[in-house]
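These protein sequence lines are chains A and B, in that order. Numbers in our numbering are just positions in the first sequence, counted from 1, shifted up by 2. Numbers in our numbering are just positions in the second sequence, counted from 1, shifted up by 260.
Among these hints, one or two may not hold up.
Between beta-carbon pairs, the in silico distance windows are [claimed, not checked]:
| hint | chain 1 | residue 1 | chain 2 | residue 2 | range |
| --- | --- | --- | --- | --- | --- |
| 1 | B | F611 | A | G51 | 30 to 40 Å |
| 2 | B | E509 | A | R115 | 20 to 30 Å |
| 3 | A | K68 | B | Y612 | 43 to 53 Å |
| 4 | B | E509 | A | R111 | 17 to 27 Å |
| 5 | B | L418 | A | R85 | 54 to 64 Å |
| 6 | A | K68 | B | N339 | 52 to 62 Å |
| 7 | B | S473 | A | K68 | 52 to 62 Å |
| 8 | B | S478 | A | K16 | 57 to 67 Å |
| 9 | A | V52 | B | L418 | 18 to 28 Å |
| 10 | B | L445 | A | H198 | 39 to 49 Å |
| 11 | A | H198 | B | F282 | 42 to 52 Å |
| 12 | A | N201 | B | A604 | 53 to 63 Å |
These are calculated hints, taken from the structure and not from any lab test. Here a beta-carbon is modelled for each residue, glycine too, at the ideal position from N, C-alpha and C.
Next come the chains, spelled out residue by residue.
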Amino acid sequence: MLKVKGLSVTIDNKKIVDHVSFELKEHDIFMVAGPNGAGKTTLFKGIMGVVPHEGGVLFDNIDINKYKRKELARKIGVLTQRRQLQFAHTVYDVVSLGRYSHQKALLGRLDNRDREKIEQSLKLTGLSDIQNRSILTLSGGELQRVFLAQVFAQDPQILILDEPTTHLDLQYQIAIFDIIKEWVKKDNRAVLAVVHDLNTAYVYGNKAILMFDGKAYAKGPINEVLTQDNLQAVYNVDVAEWMKGILYNWK
Amino acid sequence: MRNHNLENYNFSGDAGVKSPSFLVLLFSVLLFFVVLFFSISAGSIGFHPVQTFKIIVNSLFGTGDISNIPENNITIIMNIRLPRAILAAMVGAALSLSGAVMQGLLKNPLADGSTLGITSGGTLGAILAIALNTNIPFIPGIGIVVMSIIFSFLSLVLILFLSYKIDYHLSTQTIILMGIIFTMLINSINSLIVALSGEGLKQVIFWTMGSFSGRGWSHVCLMLPLFIIATVILLALSRELDAFSLGEEQARYIGVSTKRVKLLILIMVSVLVGASVAVSGTIGFVGLVIPHITRFITGPGHKKLLPFSVLSGASFLMAADLLSRTIISPAELPIGVVTSLIGALIFIYIFYKKSRKGF
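Pulled out of the complex, with its shape left as it was, chain B reads as follows (with noise of 0.2 Å):
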């Protein structure tokens, strides 16, 4: 967006008005595939880096060779690992993205799936379909992930209706607390179900807290689609998203359709989280914690935050996810408590800093 000639910019700089180069974009970029490669490789079992690297490279173009490694640790890289690996980042992206635009959208900093209770609509639509074994033909499993994200959606709808009823200037405090009261509501409900429907839901706890574990190229492949569709239309929209964090009222004058957008970005940031949380059940704080953070980096213009956004979550995710299957192995913690530890800590600092200074 600063597209100005770099004579005149301003290298003295204010704080929070930075400019993003090339090497920031490589460092994020490069910091993605070492993290990849780091979570592929360690584990129960321990790989070279470079082994790591023989065995995606052998699978995926047939070179080099690779005769002398087991049978057996192929299978973990490629079948186990790698989609892992990779259905974290596509999460760890997806909710990232959602939080920045969310965040954009409401303007408001602190907006997030989790925050807004959307997370939790998602798991209860995940449940009602475990419950009620929704199924739908020639795919499996993509019963869940509807009705996960259309919970995802009818939560974030109902809960914007009725912030908008309380408070129509949708400030910080009303968002937060309906989606505090909201989250407290849908799990309720979600360990009624539980405990109603007897052994049979004992998975579902699981969901509460989040994981990857078993997760494969299933996954990924049920993602993947929803994941593309989503992150590029939401790309797309970041001039859009810069006039709305500047104030509704506004973004229309300046000449943006403001209703269709709107329901537009919601639907694609129900489409984001609800895909997640049937993947990987409720991982919080990732969307609250990462834009901030990315927002250091790069400002607060949507095209350079969305992307860079997408890029942080993706490894931050991956990272969190080799920190919970190894921090007390062989016993894997699930992610959620992993991402929550970290990230209400960090939400506590950016609360304690709002009272002084923007964002």
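For reference, chain A alone in the conformation it holds in the complex (with noise of 0.2 Å):
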């Protein structure tokens, strides 16, 4: 579905991200993973053309930047993780926001498909009760949720998300990633992860690619990717004994 080639970012004259290539299939859970500073929320950047690129994103064969910006919408929802928030808007405000790209009437008339499309969202999330809780009121996990069920009312066929549990309890890390892999079962859809995490990409990946240094030090599927020796090189740590220690400890 989405496949990228050769995908350079420099900034400042270094290169963040060295001519990465993967691509997105349907039903993937594919996550980004290495340690800090090997370039995976740029290359999330990249892709989403937020940042000067080369190389090439193509969604359906067809580079994105070719797409005008609704009809992107409607084909890759992203989920950011920095967000400062302002004003009081309701859950369900924020949430209809996402039926944005889908919508042709002026002022932003929700009709029905799009009423559907937000209650189902909500609940799939969990927030039917607090659709009209301010989100300034909201704890971070449950804003985090919001904003899933925003890019899931926007309906896209490719999930991009940028480290979306970073700073939340394991319940709620569970929770969403338990969401995502319902939703990413149904036809023509993907979702494309950058996790700091391992257990996470572990238990809910299929496929991975290990960034370090700005490339690609390994891709394909998540047990080929995640191995011993591959994790010991990148993150300079022996993960798999550390976490078999760890797992020893709770026994």
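Each chain sits in its own coordinate frame; assemble them with the hints.
Given below as structure tokens:
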């Protein structure tokens, strides 16, 4: 569905992302892993065209720059991590904005289909009961679910997540990825997620790309990428041994 | 925007999220007309509101008998007070709307023509137009308006550009600080021009404090088309502004053509602020205070916030103008003094509250 071909991002004469290629196929949960500064978030920004980049990003074999903004929003939805909120919008209003790219009426009147999609998204993310609350009164976990519901309401084919669970409790991390896992099962859907937590990547991903120093150190099926040797090389820590040690403590 | 059924609406409500009902709209419209009639009736010569009403109806439709009212009084109502009130309403609406729009666009509850320094820029344009005697054939007075709009736009772009350079995320403090520095710089340039140009520009002093004194139908006609165009366009962009108020990057991802929409919004804001400055001088804080109060009632959704800001801004500035010309009658207080006095106090209050909860 989504092809990234030789993507490079250069900032201040430094190559942050160096010639990265991969392909996202239907039902994939494709994890982008790697240590801090490996270029994960910049790769994500390059794909979305927020930073100047070389190389191509194709959706259904058409360069994504060829799509109109609204058209692209109906294909690809994005969940970002950084967010400062100032105004007391309701949960419902924020989620309903996800319908923006589908609306044709002036002033954004929601039609029945829009409302149905919004209700569905609220239900899927467990927000129905708090849909009239101000987003300023929500916890970090609830807020992240609100924006996840917004992307679901957007009804894209591909979901791109930039560290969707970084500041969340374990409980919410599991909840959010469980929801995503359900979502991707439908036809013509795929997920690309930048994650920090290797456990999450392992449990929920089916493929991965391991970034190191701007390059793709390894890519492919998740169990071939997140191997003891690869992780040792990239993180300079014997991750597998460390995890086993932790597991031992829990027994 | 809240189109779901009333059944599942939670009436217990949270702070800042309230349902503006039909009644609030009715009240706002009513308030507008009450203030309009008061401001036309009151003054150095007082009229009974009924008498005012008769005069206006007669002048507009030719009905009713006003033969017992002196010609002089009809002139006062129709050619002095009515255009002045309408102009005040229009400027109030324009400033309030532009403030609400800037706050949403920049995700910054303290943004406004005066805090960002746009009004100062517009004033510089107006002063230059007078000093250089800029004129465009066929439409007298338009030179000042055009220069004021252009300079408003330039200052807006410059301030935003510099703020982006300093702080990519455009935090509240950065923009406000830039606005203050820019305002001081422009004001000193303005003073310099006035000082260098001698007696001829002494009228400019009054620009810096704002006034509707001596404004008539010609000013109304000058501003009206600009006001209507900009207002219609901005009201139509309420959905996009909702998206911007949650973050520009996110707005882009949900499908907003952020660059194009932003440019359009900046131009329309400049038109509103520039035209206002050209006809009435620097009137501060309207765009800061009115949308903020309105947001308490309507919630932050722009579909409701913007039209209500237009209405309440209009009522507010008419009332302020009424105060400015009656409070030390027969002398007149510059209206900028009235609005800044009220506005600055509320500004402090907002700033104080901000540290405890959001908007």
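In rising order, the numbers of the hints this structure does not comply with: 5
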